[in-house]
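Asker: Throw the hints in and build the complete structure from the sequences for me.
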Amino acid sequence: MAGNVDALYIFLLILCGSMALAIFTMITVFAIRYRRRKGHHAEQIEGSNALEFTWTFIPLGLFLCIFLWGAVIYFKERTPPQGSTEVYTVAKQWMWKFQHIEGHREINELHVPAGRDVRMIMTSQDVIHSFYVPAFRIKQDVLPGRYTVAWFHATKPGTYHLFCAEYCGTMHSGMIGDVVVMEPAQYQTWLSGGAAAGSLANTGQGIFQSLGCSTCHRFDTQGRGPNLVGVFGKTVLLEDGRTVTADENYIRESILNPSAKVVSGFKPIMPVFQGLVSEEQLNALVAYIKSLNPPPTGAAGTPNLKPPTGQPPETNR
Amino acid sequence: MASATIPTAERENYLNKGYGIKSWLLTTDHKRIALLYLITITFFFFIGGFFALLIRLELLTPAGDLVQADTYNKLFTMHGQVMVFFFLIPAVPAVLGNFLIPMMIGAKDLAFPRINLLSWYLLVIGGVLMMYTILTGGVDTGWTFYTPLSTQFSNTHVVTAALAIFVAGFSSILTGLNFIVTIHQMRAPGMTWSRLPLFVWANYATAIIQVLGTPVLAISLMLVALERIFSLAIFDPQRGGDPLLFQHLFWFYSHPAVYIMILPGMGVVSEIVTCFTRKRIFGYKFMALALIGIAVLGFLVWAHHMFVAGMSLYAALVFSLLSYFVAVPSAIKVFNWTSTMYKGSISYATPMLYAFGFIGLFTMGGLTGLFVAALGIDVHVTDTYFVVAHFHYIMVGGMVIAYLGGIHFWWPKISGRMYPEGWGKLAALIIFIGFNLTFFPQFVLGYLGMPRRYWQYSPEFQVLNVLSTAGATILAVGYLLPMVYLLWSMRYGKIADENPWNAAGLEWMTPSPPPTFNFDETPMVTWEAYNYDELKEVPVER
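Here the protein sequences line up with chains U and P, keeping their order. In my numbering, each number is its position in the first sequence, counted from 1, plus 766. In my numbering, each number is its position in the second sequence, counted from 1, plus 1076.
Keep in mind that the hints were calculated from the coordinates and are not lab data. Possibly wrong hints are sitting among the right ones.
Said to hold, decoys possible - Which stretches of chain P does chain U cover? Using the computed rule of at least three CB atoms under 8 Å from a CB of chain U, they are:
hint, stretch
1, 1386–1397
2, 1412–1423
3, 1429–1440
4, 1522–1533
Keep in mind it's a predicted model, so treat the numbers as computed, not measured. A virtual CB, placed ideally from N, CA and C, is assigned to each residue, including glycine.
Answerer: Encoded structure:
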């Protein structure tokens, strides 16, 4: 990704550099050649429609090319590939907290393997922050009350700056950290080194049971709430006739404020969990519900037997 | 000029009409009000500049050592608020526009002289509130007031700061309204729309933005204040609010506000370039159209400030595309100024040096705008020093330079005296060098990844920061010089006649300084704008 961004950047440097140079040269030449002196008079020129159209449409054409190029890069930046390794992130004044699927937790330091796509699923506990790794050329604001997503594919092992890029109060400039990119083998060693208390999904399962979610969300059709197996990524038909894709944000909202979008065929009887679960617990719950329908390649967590599901427009059972 | 004998010093003019404090504070003369504005915004310019200098000094070293983190945050917040709302927005319209528009169109005053005075009082009230905010501990939300930081987390004087800007906003709205009505209704006989100087067109375009955009800012700031005071939940995600809503509201005004801060500068430069090349402006109609085009398109690009804010992918594509459209009229203007110089008879008085500076720096600011409008690049450089450099090239390299150029150009008309040319040129040169040394390194810093609004930073960024701080001190000297020699010239400067530059435009056909009602008799216009070919032969017709 860094290469793509730099290529466009260098192209723009050359293009804009030559445009600027052309204009500055013309101004300098005119300023000298037509300086005020004896016997020299200004020659009045009304203008020229041909020239006006030329310097309207040629720049417009160039601009549209730049737009397209920039848009293509952005599209890639905003579309995480299937099967990325997922890292849940909670930003708060003034630190970064990371939760790996494997259960490892880190603060202001993020270990990732080289050569893998990594998808950051991020939320904030307080104000707006922004996840910025200059070396990867990525930045994504991290908002309270919802998930935003960024992804990267680090190629070279090393330690890179992580900055908060959205002004967030007193120690904004102290909300920094390191992204440590490791060779996959080293990364495995690192993973096995830490004493993780089970995977994030396992933690989520524990919370799922202790909060009593499992009484209604049963793994059959008899529960008072929808069966959550295989829900993630599906299109869900709601009670009011709308449909919604069951992504991380939908699951999050359905936990915190369940009556916002009630699944068709069910009653709005679930209690509100806003304020009762922390952001980290919420992440674990989301990870657990997703693990009931793991991503196609089984990127992280337990390997599973289910085939990739994609996102067919089918309604909820 | 057929206005015959030129009795200068004794002749009654707007300056010697009365000397009492009441004759100033209760004046309805647009020229006196312009001077009141000049004093007010110069005061705020130096306040904002002082904050900037402290910011740059703090950034001399990577560690946060000169001031506390909270102090630093307040400094950049108040630097932005003071400079944007109490200097840049009123700068050209309220000072030069106020002074010149009635004269340029051959009118006695603005359409609503009392409302004009009210506008100034509103700015002063806003300014007093701002000073109260500053003196009682300041505000630290960033000039952007982003929620929920501003509504739930900041412990500083957010409400008074918002109120200050709210009130100053009405000053801006009323000035815009006054200009629109004046330009529509008060043009002298024969002063058709196609004969208006581009300075008038530029202020007209600006006025449209002021009237249509500023109320939205007022509403957004009011909502922030209400949410703080009454604990509403408009922007609070915990209670179903949306923090991004604020960003949309804020930028809906504050992006067009960027054009409030540059269009009038473009107008100034068009006047200067034509005068010192002795030529018509190249492509008058396209220049006027481009001004209106920028004003209209400027309303459709606000969300390009939010490409990484969590907006939908497709919204970002639309706003990026529209941002490229608004770049086109800006490019047209640069090409036309350049072409105006072609086959001219160019001289290099101080105002023209500023105009050269403006075209160069605005071009730089505009071209780097192409970088930040490109989605893929913006993701990397937004909220870094690249953006800081980009908008300072427009607002300082563009607007402040144009404003200074305009002040020098019309100084003989305003004060009746010439400024010292040598000092003028020296100051222009110092400002140009200081400006580039301050802000050019910031482009590099930004691409290397230094985020903006950082109190302490990674040591590898230090060299470029030292360069930038060095530039800022040079720039400070450059700004102090005109302050000194312009004041000096009011008493000791060479007496100016009514048209020292031999410039076109009705404002040069009345004595310097002008009488209270500008013209002894209403002029009749029979010539096109910038009639530099026939200048000497054109009398003021009766």
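Asker: Hint by hint, note whether the structure agrees.
Answerer: For each hint, the structure was consulted:
no.: 1; hint: 1386–1397; verdict: holds (count 6)
no.: 2; hint: 1412–1423; verdict: holds (count 10)
no.: 3; hint: 1429–1440; verdict: holds (count 5)
no.: 4; hint: 1522–1533; verdict: holds (count 10)
The structure agrees with every numbered hint stated previously.
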